[in-house]
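Given the coordinates of chain A, assemble chain B onto it according to the supplied hints.
The listed protein sequences correspond, in order, to chains A and B.
Residue 184 in this note's numbering sits at position 184 of the first sequence, with consecutive numbering throughout.
Residue 185 in this note's numbering sits at position 185 of the second sequence, with consecutive numbering throughout.
Bear in mind the hints are in silico, worked out from the structure with no lab data behind them.
All residues carry an ideal CB built from backbone N, CA and C; glycine is no exception.
Watch out, some of these pointers could steer you wrong.
Simulated coverage check for chain A against chain B, where a stretch passes if three residues somewhere in it have a Cβ under 8 Å from a Cβ of chain B [to be verified]:
1) 82-95
2) 111-121
3) 135-147
4) 187-195
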Amino acid sequence: MEFHSAFLEAFFKWELIQRYFPAIMKGVGVTIEIAAAVVFTGICAGLALAVIRAFRARSINVVIVLFADAFRALPPLVLVLLVYFGLPNLGINLPSFAVLWIVLSLVLAAFCEEIFWAGILSIAKGQWEAARSTGLTFVATLAYVVLPQAVRLAVPPITNRTIAITKNTALGTVIGVGEILNQATTAQSFSGNATPLMMGAIAYVILFIPVVVLGRFIETRFRWRRA
Amino acid sequence: MEALRQQFFNLAIMERALPLLLMGLRQTALLCLLLIPLGLFGGLLSALLSRSRVRPMRWLAMVAIDFFRAVPPLVLLIFIYSGLPFAGLRPSPLTAVAVAFFLNTSSYYGEIYRAGIESIPGGQWDAARSTGLSAGQAMIYVVLPQAVRNVLPDLISNTVEVVKLTSIASVVALPELLYSADMARSVTFNSSPLVLAAAIYLLMLWPVVRLVSRLERRIAT
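Only chain A is shown next, with the shape it has when bound in the complex:
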């Protein structure tokens, strides 16, 4: 019984829940904003890079492949610290949320480029030839025949990757972006109590469980069914 109340006191103190609820909600807002921005720019940039790669200009493709490989191999936290502490030395001062947004967008773009490209490659060569022989130009073939199928194939892996990278918004706490984790750890050190951390964790679960479940649904719905 005593342990029980000590546990409640440390992790679910009602007074602190009331006091820090607005701060955590503010963090939720920041997390959603950055996540939405990253998802939009990351996926668009990834698709654009895959389309550029489809033109098969060798020198450009080397650059794209190098970019995609490097940003898939480097830990995002390394990139966040490098950009955050490095750019001011060059006289470029970016707010911390912009650093987080740019880095995570680049990482997502790198993964999306590879996934869309795999989708484009998986469209049989005969489809290209058939489309071209009906008089469609290269660009029209890409836009009306290849991409619609390639994008559909790419949906499940892109969904999973996007969910994983959106959760990396928590890394922003290291450079002081006021997202959920940052609000929670700040409140924890002010109050000397673990309740805000528990609130932060619960906020993440409420925010991401629907996304994870949706991801599972999309994965089964769009499973490799080639018509």
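Quick look at chain B alone, frame taken from chain A:
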């Protein structure tokens, strides 16, 4: 241009930071040796539990998998490292990292194993059982070897993610590669140690990333 060289590719500073970074690299390697087998084992466990014949067991496994996939690993790590002391437990940085990674990576590996096991047609089970193998033997000798082969690219690519993820251990002051590099950065006020650390990560992971790309492409066609 000169500023760029001075601040990011300063060889003198890199040379001075190298011994520290190599010590960090050793910690990162040891972490990987601990965390990857732990995750592979936990993943197998959670995949088997999520296919258990006992319904409550199955639900419990599914809820746990979704829960730990929803919580960002850094949140989990900080919760364990600085939240649990309020409940009277004081995990060391290494214990906190091991527990957080076990919970997080097991659920990712678990989903991959599960997809692999589901990709094996039911006839294989029936055939294996009808030759007199027990359910456990059929799983170990017939289903799992094929399942793992089918999802090998995913297993490898998740392992790359685990290696990259070890960098968050720096947040709880475990002196791995990124922590050492950031220490060197804050002492020298120069980003070159971070660039050096990035180069080391690239050197380790680039070949694996290439390999994954090739494996995935072979399977897609």
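Evaluated hints:
no.: 1; hint: 82-95; result: holds (count 6)
no.: 2; hint: 111-121; result: holds (count 3)
no.: 3; hint: 135-147; result: violated (count 0)
no.: 4; hint: 187-195; result: holds (count 3)
Of the numbered hints stated above, the single one contradicted by the structure is hint 3.
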